[in-house]
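As given, the protein sequences belong to chains A and B, one line each in that order. Residue numbering for the first sequence follows the working numbering, beginning at 1 and increasing consecutively. Residue numbering for the second sequence follows the working numbering, beginning at 363 and increasing consecutively.
If you're looking for bench data, these hints aren't it; they were derived computationally from the structure. A portion of the hints provided could be inaccurate.
As the list claims (entries may be wrong) - Taking lysine to aspartate or glutamate and the EDC-like style, the derived pairs with C-alpha atoms no more than 20 angstroms apart in a straight line are:
1) B/475 <-> B/505
2) B/594 <-> B/606
3) A/132 <-> B/539
4) B/494 <-> A/64
5) A/84 <-> B/497
6) B/475 <-> A/64
These numbers were taken from a predicted model, which means no experiment stands behind them.
Protein chains: 2
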Amino acid sequence: MTSLRKAEPSQANSSVATIGNVRHTPTLSDVAAEAQVHIGTASRALNESTRDMVKPETARRVQEAAARLGYSPNVLAGSLRSQKTASIGVVLPDLTNPFLPPIVRGIEDVLTKRGYVALIGNTDNDAGLERKLVESLRARRVDGFIIATSKRNHPILNIIAKPGTPIVLINRTADRDDISSVISNDAAGIRAAVGHLVELGHKHIVHIAGPADLSTGRDRAKAFKEAMQENKLPTNKTDIFLCEQYSIAEGYAATKQIFATRNNVTALVAANDRIALGVLQALRDLKLSCPNDVSVVGFNDMPFVDLVTPALTTVRVNQYGIGAQAAQLMLDQLGDSSTVTKTIVLPVKLIVRSSTAPCKPR
Amino acid sequence: MTSLRKAEPSQANSSVATIGNVRHTPTLSDVAAEAQVHIGTASRALNESTRDMVKPETARRVQEAAARLGYSPNVLAGSLRSQKTASIGVVLPDLTNPFLPPIVRGIEDVLTKRGYVALIGNTDNDAGLERKLVESLRARRVDGFIIATSKRNHPILNIIAKPGTPIVLINRTADRDDISSVISNDAAGIRAAVGHLVELGHKHIVHIAGPADLSTGRDRAKAFKEAMQENKLPTNKTDIFLCEQYSIAEGYAATKQIFATRNNVTALVAANDRIALGVLQALRDLKLSCPNDVSVVGFNDMPFVDLVTPALTTVRVNQYGIGAQAAQLMLDQLGDSSTVTKTIVLPVKLIVRSSTAPCKPR
DNA sequence: TCCCAAACTGCAACCGGTTGCATTTACCTG
DNA sequence: CAGGTAAATGCAACCGGTTGCAGTTTGGGA
Chain A
1 MTSLRKAEPS
11 QANSSVATIG
21 NVRHTPTLSD
31 VAAEAQVHIG
41 TASRALNEST
51 RDMVKPETAR
61 RVQEAAARLG
71 YSPNVLAGSL
81 RSQKTASIGV
91 VLPDLTNPFL
101 PPIVRGIEDV
111 LTKRGYVALI
121 GNTDNDAGLE
131 RKLVESLRAR
141 RVDGFIIATS
151 KRNHPILNII
161 AKPGTPIVLI
171 NRTADRDDIS
181 SVISNDAAGI
191 RAAVGHLVEL
201 GHKHIVHIAG
211 PADLSTGRDR
221 AKAFKEAMQE
231 NKLPTNKTDI
241 FLCEQYSIAE
251 GYAATKQIFA
261 TRNNVTALVA
271 ANDRIALGVL
281 QALRDLKLSC
291 PNDVSVVGFN
301 DMPFVDLVTP
311 ALTTVRVNQY
321 GIGAQAAQLM
331 LDQLGDSSTV
341 TKTIVLPVKL
351 IVRSSTAPCK
361 PR
Chain B
363 MTSLRKAEPS
373 QANSSVATIG
383 NVRHTPTLSD
393 VAAEAQVHIG
403 TASRALNEST
413 RDMVKPETAR
423 RVQEAAARLG
433 YSPNVLAGSL
443 RSQKTASIGV
453 VLPDLTNPFL
463 PPIVRGIEDV
473 LTKRGYVALI
483 GNTDNDAGLE
493 RKLVESLRAR
503 RVDGFIIATS
513 KRNHPILNII
523 AKPGTPIVLI
533 NRTADRDDIS
543 SVISNDAAGI
553 RAAVGHLVEL
563 GHKHIVHIAG
573 PADLSTGRDR
583 AKAFKEAMQE
593 NKLPTNKTDI
603 FLCEQYSIAE
613 GYAATKQIFA
623 TRNNVTALVA
633 ANDRIALGVL
643 QALRDLKLSC
653 PNDVSVVGFN
663 DMPFVDLVTP
673 ALTTVRVNQY
683 GIGAQAAQLM
693 LDQLGDSSTV
703 TKTIVLPVKL
713 IVRSSTAPCK
723 PR
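Turn these sequences into a full structure, and let the hints steer you where they fit.
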């Protein structure tokens, strides 16, 4: 027994051991002493992958000793050696955006199942905060990054990407091809929304688009134009109204402006649900009935949009699935660095509720 | 220069250094070599608190070298030595409960400002998952736990508490007195709700209570009884209806059952907003008008309850504040272990919207 | 009974910092 | 210019595991 710490076998039985008279959480060396084996042997006995290197009887003794002492391995030490922390940095704009929690759950469920942990941080879309956050995560040596802040052409990517740390993007693709991403089928969603409105007889449809510097904003706007063309509907410049950000307030303001200048609009396709909620509020204030006067379609089907009045017709994206896929992609890349980076496109589904109705002549 | 790694000063200029021909993220030893100083000196030069132990000129040189190499300190190594990880375990029931994200933001904002990181995990109220989660967090040597799973009399607490790791509870108090907690003033909230209804002329008020094994469920039910007494209103056993869990479905079922047996009820106080949402749905299905036939009050004022129809009258609790206070309490305890454990009670406020109205004879 | 390979176990370097202590350098005084 | 002290820096142990390699035990065959 070379261990400096003494722990007479079968005496200690709590999750603290003693040096002199100071209690401390038990270490591998305590377990080794308790089981009367060398620390290296103890390590192998406790480690799934190396367990068959030790005699079964010894392994049992070590495991019992560990249990008796309430031993909890210090992953920090292992991480230091193995250069792997089993932790993933998750960079979000703002967790209180209801769109995100299900995604985060998806990420966490997949990660924890494999012994990983997510380190979550919010940037509030502030470049400075983001930089700090990434630096902090890098200092903690996360094995990879899952990034859900959706500004295009991100300088951060280069910083991270250089050291060869895997990255998975959520809800946007990178302009470079060495980074994986998970997105929903924006185009299909918008096409379904427009198609639904056309079927209801609408002809004057306006898109309230998201910010152009977010890939979702740009992609959905583009898809809207295409969908209109497919349906042989003209698209004037005024048929796409740009929002500065995805927010209720912006949706509200946009709607007010649209109806201040035009009065033939019978349907609105919002770039996301938050904008749509603003639209509903504005219509109420404008004494316009939804869906009788104006139909509204949202995007995302985030929680509770089925409970507002009128219940929102919207394009459902599988938020949990996005998170889960992103995490899985990350694990794949960590497990096998030769994994090709890829873009996973998840299907979407139009959920028709009460905010859309047949077009009536005005 | 004893460093094994060589890095000729002013050659390297990216965030990777080289051993032989293998690129790796630069370490302190690389920085030391680059600045032509000993690793110990480099450590002191980069560390705020020890910087004045080195010559200013040297400190500058080291800092420049670090910047040039894109050095990012490996906190794991430091943590191993200092036995402090600057990370806090946050145990939640389920992040997708809309009540939680603002709390989590509060926690994170306070923690990150001090260089700490939150490790978040969900338990789904499953004891087994919780045990695993706590074990995993313990293995990662978090400096403390913030726990928002609100079952009373938690065995987990004893496991954690034994090694002397600080704990802060959210939304409940512990039956033991060595654990701090942050709660909202449930009693005041319920009193305000009942008072509001009484002012509107309601006499037959029923409370749909939360689970009795959650401290919020029990406390609010107790407060309801007291508030009714204060207002000289009788409380029969049937005036408190127990839910198995805080959910829309339970609120729905409870309402159906209540109106199946009684028809004089004119007002309902729900133990939380989710139950209240279920109530609204049930009333609609029962062809009862809210607020004309029945008034409803919720609890929490979680996001979007102002957008449902009718907009929910509810008791607002400062979710962000709860999180922020909890984190602050945690930091206090970590900074000074002699800090007395305490219970912080945050004020609440009744937000009157459209789900309550004067009582009309039926 | 002896020998050898296979199975176990022990040894010690290593991960990347931090920090008490020893040593060197710089500077000041008599 | 010697001597002494303070400032600056170097040295090396340490945190708690992991792991390649060496040494020891075990078991089977000759």
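Hint check:
For the suggested pair residue 475 of chain B and residue 505 of chain B, the alpha carbons sit about 16 angstroms apart, so the restraint of at most 20 angstroms is met. Simply put, residue 594 of chain B and residue 606 of chain B have alpha-carbon atoms about 29 angstroms apart, too far for the 20 angstroms limit, and the pair is violated. Taking the CA atoms of residue 132 of chain A and residue 539 of chain B, the gap is about 38 angstroms. The hint is violated against a cut of 20 angstroms. The suggested pairing of residue 494 of chain B with residue 64 of chain A holds, with an alpha-carbon distance near 19 angstroms, which does not exceed 20 angstroms.
For the hint pairing residue 84 of chain A with residue 497 of chain B, the CA-to-CA distance comes to about 19 angstroms; that is within 20 angstroms, so the pair holds. This hinted pair does not check out: residue 475 of chain B and residue 64 of chain A have alpha carbons roughly 42 angstroms apart, beyond 20 angstroms.
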